[in-house]
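Chemist: Working from the sequences, and respecting the hints, build out all of it.
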Amino acid sequence: MKVEHGSSAGELQTREKIGYGAGDFAINVAYASMMLLITYFYTDIYQLDPVDLGFMFVAVRIVDALLTPIMGFLTDNWQTRWGRYRHYFVLLAIPFAISIVLTFTTPDLSYTGKLIWAYASYGFFSLMFTAITIPYISILGVMTADRNERLSASGFRLFLAKLAALIVVICVPIITTSSWMQGNLQSGYQWVMAFMACVAALCLCFCFATVKERISFANIQINLLQQFKLVVRNRLLMLLAMSCVVSTMGFMMRGAMAIYFAKYYLDLSSLGQSLFLVTNVSASILAMMASTWITKRYSKIKLFYKSQLLAGLVSLAMFVLVSPEWVWLAFVLFFILSFVVDLHAPVFWAAIADAVDYGEQVQGTRIVGASYCLISMSQKIAIGLSGALVGLGLGYFGYQSADVGLQPATTQGILILFAIVPAVFHIMVGMIMKRYRLLQRHESRLAKALVKKRLVV
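Under this note's numbering, the first residue of the sequence shown is numbered 267, with each subsequent residue one higher.
Certain hints may be false.
Each pair of labels, with its calculated beta carbon distance range [said to hold, decoys possible]:
{"#": "1", "residue 1": "I336", "residue 2": "I360", "range": "15 to 23 Å"}
{"#": "2", "residue 1": "M697", "residue 2": "C437", "range": "32 to 40 Å"}
{"#": "3", "residue 1": "T371", "residue 2": "I686", "range": "33 to 41 Å"}
{"#": "4", "residue 1": "Y564", "residue 2": "Y385", "range": "26 to 34 Å"}
{"#": "5", "residue 1": "I328", "residue 2": "V498", "range": "34 to 42 Å"}
{"#": "6", "residue 1": "D412", "residue 2": "Y662", "range": "43 to 51 Å"}
{"#": "7", "residue 1": "S376", "residue 2": "L579", "range": "46 to 54 Å"}
{"#": "8", "residue 1": "I686", "residue 2": "D412", "range": "36 to 44 Å"}
{"#": "9", "residue 1": "L537", "residue 2": "Y385", "range": "28 to 36 Å"}
{"#": "10", "residue 1": "V598", "residue 2": "Q673", "range": "23 to 31 Å"}
{"#": "11", "residue 1": "V498", "residue 2": "M555", "range": "32 to 40 Å"}
{"#": "12", "residue 1": "Y662", "residue 2": "T378", "range": "20 to 28 Å"}
{"#": "13", "residue 1": "S376", "residue 2": "A325", "range": "17 to 25 Å"}
{"#": "14", "residue 1": "V317", "residue 2": "V598", "range": "31 to 39 Å"}
Hints are computed from structural coordinates only; laboratory data are not their basis.
Computed from a prediction, not measured in an experiment: that's the story for all the values here.
Positions of the beta carbon are idealized from the N, C-alpha and C atoms, including for glycine.
Modeler: Right, dumping it as structure tokens:
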């Protein structure tokens, strides 16, 4: 591994951190839309059956996950004059934006035709999302070797990511139901998301222009299968991947169900629904800032697992205490839950870079793209499974799209999918990361011993 002269400390300028964060702003314009709005869009606006939707989410994400290693292999083995990762941001900015618009376009077709369009457009979006996110989540490891700077950059990144989500949840529900759209929700979603897609493309270009790859390493002279064998042997990374699957399933389910919960369980207006989603995102933004401050004074991994255990308890409290008559309590508990559950996010992304460093120490080979590819695959599998759980769960509880009156069993089912199921996932994450902390101590001692042995040899 080579580090540019004068950059061994790895200090990053604020402008570069903002540029790095702009990349995740672009990604989260799409990601927030897919997490918070896409399920509702497909069932209530696009008019897909929830069960068909669940199967679509699984099918597309499984294919996407299988294609992900190819992208990881490319990023580790294709070097350009801009580096290994930066060029993807500018080359794919426009295709990425187009995929967002197509996904939120409702064609004038039969139900079968619309289902095929949904598979194709959502599949194209997933492909573009992978092609952007693999290099994006990999680039932090070559921007700086300083762990504190990585954590700081992750803080900028996640703050801007949540800001993107905040803009999405404010603008999309309000504008699509405004008089400007003359009651045409399908057209409203298409035009609002087209604007968001243009902003995302510009942010990707800004990210390309401002970030710099300082750490270089030789092309890996082993094939993709061998790379993944090394990745799987990295026990710290595997625990992070496991926690990624479980935590993503938890917050993706809650995110997808939030608008159903606000509309059908709490019986809120369009403005109320938007405010409920804003409560989620604004709390998450505060969590990003608080996490950076807390981790300077408290163990990062302790914060990770304890925050997830607490999130599980708060989620269970929402199930027990919240009722349609206690709307204010729903807002308060949802704010607390959203704050607590996202305290771990900067720690998680910084921990991945640390796990890659650990793998290089122990195995003698730096596997970056395939490592982040594993995390991306974990996310995709989790997104597909959570989408299936939401779709099949809604179908099981008798949900019907649009403003058809719902049975009490259906609204109770919405509460279960919103509160109980995610709570179980959060508690599981807490248990996994407690195990990670114990293993991290043991593995760090082994890594140091191995490095000393190599130096002696």
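Chemist: Could you run down the list of hints and mark each one as holding or not?
Modeler: Hint-by-hint comparison with the structure:
Under the hint 15 to 23 Å, the C-beta atoms of I336 and I360, about 21 Å apart, fit the expected range. At about 38 Å, the CB distance of M697 to C437 agrees with the hint of 32 to 40 Å. The beta-carbon spacing between T371 and I686, approximately 35 Å, falls within the hinted interval of 33 to 41 Å. The hint said 26 to 34 Å for the Cβ distance between Y564 and Y385, and at roughly 46 Å that hint is violated.
The hinted window of 34 to 42 Å between I328 and V498 is violated, with their beta carbons roughly 19 Å apart. At about 49 Å, the CB distance of D412 to Y662 agrees with the hint of 43 to 51 Å. Between S376 and L579, the C-beta spacing of about 47 Å keeps the proposed range 46 to 54 Å intact. Range check, I686 to D412: Cβ separation about 42 Å, and the 36 to 44 Å hint holds.
In this structure the supplied range 28 to 36 Å holds for L537 paired with Y385, their Cβ-Cβ distance being about 33 Å. At about 28 Å, the CB distance of V598 to Q673 agrees with the hint of 23 to 31 Å. A C-beta distance of roughly 35 Å is found between V498 and M555, which places it inside the suggested range of 32 to 40 Å. Look at Y662 against T378: about 24 Å separates their beta carbons, and that is inside 20 to 28 Å.
At about 20 Å, the beta-carbon gap between S376 and A325 stays in the expected band of 17 to 25 Å. Distance hint for V317 and V598: a CB-CB separation of about 34 Å, consistent with the stated range 31 to 39 Å.
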